[in-house]
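Number of protein chains: 2
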Amino acid sequence: MTEARPIIPVILSGGAGTRLWPMSRPERPKQLLALTAEETMLQLTAKRCGGERFTAPIVVANAFHADEIEQQLAAIEGSVRALVLEPMGRNTAPAIALAAIAAGGGHDPLLVMPSDHVITDVAAFHAAIHAALPLVDEGWLVTFGITPDAPETGYGYIRIGEEIASGVHKVDRFIEKPPREAAEAMLAEGGHAWNGGIFLFRADMYLGALAAHAPDMLVAAQEAMAKARREGVRIWPDEEAFARSPADSIDYAVMEKATRVAVVPVSMGWNDVGSWDALHAISALDDGGNHHHGEVIAVDTKNCFVRSDGVRIALVGVEDLIVVASGDDVLILPRGRSQEIRKIIEALKR
Amino acid sequence: MTEARPIIPVILSGGAGTRLWPMSRPERPKQLLALTAEETMLQLTAKRCGGERFTAPIVVANAFHADEIEQQLAAIEGSVRALVLEPMGRNTAPAIALAAIAAGGGHDPLLVMPSDHVITDVAAFHAAIHAALPLVDEGWLVTFGITPDAPETGYGYIRIGEEIASGVHKVDRFIEKPPREAAEAMLAEGGHAWNGGIFLFRADMYLGALAAHAPDMLVAAQEAMAKARREGVRIWPDEEAFARSPADSIDYAVMEKATRVAVVPVSMGWNDVGSWDALHAISALDDGGNHHHGEVIAVDTKNCFVRSDGVRIALVGVEDLIVVASGDDVLILPRGRSQEIRKIIEALKR
Chain V
500 MTEARPIIPV
510 ILSGGAGTRL
520 WPMSRPERPK
530 QLLALTAEET
540 MLQLTAKRCG
550 GERFTAPIVV
560 ANAFHADEIE
570 QQLAAIEGSV
580 RALVLEPMGR
590 NTAPAIALAA
600 IAAGGGHDPL
610 LVMPSDHVIT
620 DVAAFHAAIH
630 AALPLVDEGW
640 LVTFGITPDA
650 PETGYGYIRI
660 GEEIASGVHK
670 VDRFIEKPPR
680 EAAEAMLAEG
690 GHAWNGGIFL
700 FRADMYLGAL
710 AAHAPDMLVA
720 AQEAMAKARR
730 EGVRIWPDEE
740 AFARSPADSI
750 DYAVMEKATR
760 VAVVPVSMGW
770 NDVGSWDALH
780 AISALDDGGN
790 HHHGEVIAVD
800 TKNCFVRSDG
810 VRIALVGVED
820 LIVVASGDDV
830 LILPRGRSQE
840 IRKIIEALKR
Chain A
500 MTEARPIIPV
510 ILSGGAGTRL
520 WPMSRPERPK
530 QLLALTAEET
540 MLQLTAKRCG
550 GERFTAPIVV
560 ANAFHADEIE
570 QQLAAIEGSV
580 RALVLEPMGR
590 NTAPAIALAA
600 IAAGGGHDPL
610 LVMPSDHVIT
620 DVAAFHAAIH
630 AALPLVDEGW
640 LVTFGITPDA
650 PETGYGYIRI
660 GEEIASGVHK
670 VDRFIEKPPR
680 EAAEAMLAEG
690 GHAWNGGIFL
700 FRADMYLGAL
710 AAHAPDMLVA
720 AQEAMAKARR
730 EGVRIWPDEE
740 AFARSPADSI
750 DYAVMEKATR
760 VAVVPVSMGW
770 NDVGSWDALH
780 AISALDDGGN
790 HHHGEVIAVD
800 TKNCFVRSDG
810 VRIALVGVED
820 LIVVASGDDV
830 LILPRGRSQE
840 IRKIIEALKR
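Which chain is which? The protein sequence lines are V and A, in order.
Start counting the first sequence at 500; every next residue gets the next number (this note's numbering).
Start counting the second sequence at 500; every next residue gets the next number (this note's numbering).
Just chain V, same shape as in the assembly (with noise of 0.2 Å):
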């Protein structure tokens, strides 16, 4: 590792946010939302890359949510050093390659994260950054593996390789959201992790691979940057060029295909809280293994994860219930079944 450049942090504010519905809508998804802290989600992704190693962060947008974002940054005193306002969702490796042409397409190295996840150990996550650099600089796309402490189906995997560096190893492959039973086999075996959707690589690296392995979106991307308008740091991709770009997972189109991909395997308190129950799992309880917030009257609950930014809720002698008001909408399922809330989203369409 030559003299430590800095690294730009890229922030995907791509999801739709069906998942932790009602509070969690398309105009306001999860990470503009305060669901772990006083902060919102984004905001606490972004003060995690904060100090002098990094840059101001890259975001990756809903053209919809651009005041809302730069609000949320200014509140907590970040500034934007781009906010890339995709006309569309492509998925993420399109989203990426724009945030990669906007960083300059150079060697600096890109922290390429979702920004609705939670890490409670950034020590751990920083470590990990650090021991991923050298090999960084040399070339290598790395992916942050997540020690898995339960047969999660809902994630996909990553079967760790031989170690390259200290704490790095080779990606020996990558393994699709497992069933139940594949899940505990990983588990038991070990030298499996999850594939937590967070990466470190040089953009030009990054754009290399694309060019190898997914050209399509790569001149879909350039053009779409080349023809953008722009306003301060605001940047809006053309449209009609980005919406010739195939839409794609970073994992399918370029982790995958590529050969110098080194994961490494991290435990730092991370959670994507993609359902009520994992928000449930993270959440501060009462004695009754309760948590309640917002106006919640509760006599006799148990294990109970009430929440509610509107009516009131009474609640009376209930047990392992998901209760979460918003808005007009009231959701309410028993806790373990909180990934049911689609077949809700789904009738909502009907």
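One thing to keep in mind: the hints can contain errors.
Each pair may be met inside one copy or between any two copies, as identical chains are not told apart.
Cross-link-like lysine-lysine pairs, in silico, DSS-like; alpha carbons within 27 Å at most [to be verified]:
(1) Lys-676 / Lys-756
(2) Lys-848 / Lys-801
(3) Lys-726 / Lys-801
(4) Lys-676 / Lys-842
(5) Lys-726 / Lys-842
(6) Lys-669 / Lys-756
(7) Lys-726 / Lys-848
(8) Lys-801 / Lys-842
(9) Lys-676 / Lys-546
(10) Lys-848 / Lys-546
(11) Lys-669 / Lys-546
If you're looking for bench data, these hints aren't it; they were derived computationally from the structure.
With the hints as your guide, set chain A onto chain V.
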């Protein structure tokens, strides 16, 4: 029985209605809500005593509800003989005294009914009234005894005595709300009925019983009516005079003390709708045992009672739950525990 005199219905609209919170509230108690049909419970009560046998009813109510009561009765093309607007609640015995005086205090029979009960078999109700009339003419105070079908602990019971006319029995004794075992024993033994709070007696005989057993109450009611303000059908009894009346129920003040007290046992689909569980029990259910009313999206729900007049309620995978949303409040409790709503009301007061 001589030439049949018309019966004067007396509808008592005094309930504060906390048991069906949050739909029922002091400003809009149960009797003014449409809970069991398109019509409100007050409207159903008034319609139950339409026809040439009955005069227009005397309604005794809280002054705050005067406009709403007149509008509701006008909407079913019913008129009011008198609308007695109590300056404060003093329980049923004084309320009925006001009505008996408003009725003229003569020989005409009064049919006293709570405004918030359900009777599905109106023909059986009318037949019971018909059976009672000869004894009423002779001066008896008659109560209707509901044939019990479960060991309810929330009602008073009547021990049925000897038959003194076809279908009419002496009251052996009144029994206060019993413990579970006593209720089960009475159900097993037979010969007992629930005290449904519906009465038939001559106005003069009721006032005479008050003179004998609760003279302070009678004097207070007479003075309150003598000094009453009147405007059309509306009567405002004098507040200072009425305040001097003891507060007591007709059961304690009169029925349990008078000597010529009869009961007509009747099975007429009666329900006092005294809790959300009670309403669930008499509501139309879907195949899953659910009753949903208002904006409700339910997926995989079973035996749930869900009712909203405001926010949208979305449920997945819940069973045996009562959910009621009204105004800015949502109540959630398990089936079978709706009596515990009082714990919420207490918590709200604190």
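Status of the hints after comparison with the structure:
1. Lys-676 / Lys-756: within (18 Å within a copy, 77 Å between copies)
2. Lys-848 / Lys-801: Intra 33 Å, inter 23 Å, cutoff 27 Å: inter-copy only.
3. Lys-726 / Lys-801: neither (57 Å within a copy, 56 Å between copies)
4. Lys-676 / Lys-842: Answer is within: at 20 Å inside a copy they meet the 27 Å cutoff, but 46 Å across does not.
5. Lys-726 / Lys-842: neither (41 Å within a copy, 64 Å between copies)
6. Lys-669 / Lys-756: within (13 Å within a copy, 93 Å between copies)
7. Lys-726 / Lys-848: neither (36 Å within a copy, 63 Å between copies)
8. Lys-801 / Lys-842: both (25 Å within a copy, 16 Å between copies)
9. Lys-676 / Lys-546: neither (30 Å within a copy, 63 Å between copies)
10. Lys-848 / Lys-546: neither (36 Å within a copy, 42 Å between copies)
11. Lys-669 / Lys-546: neither (29 Å within a copy, 82 Å between copies)
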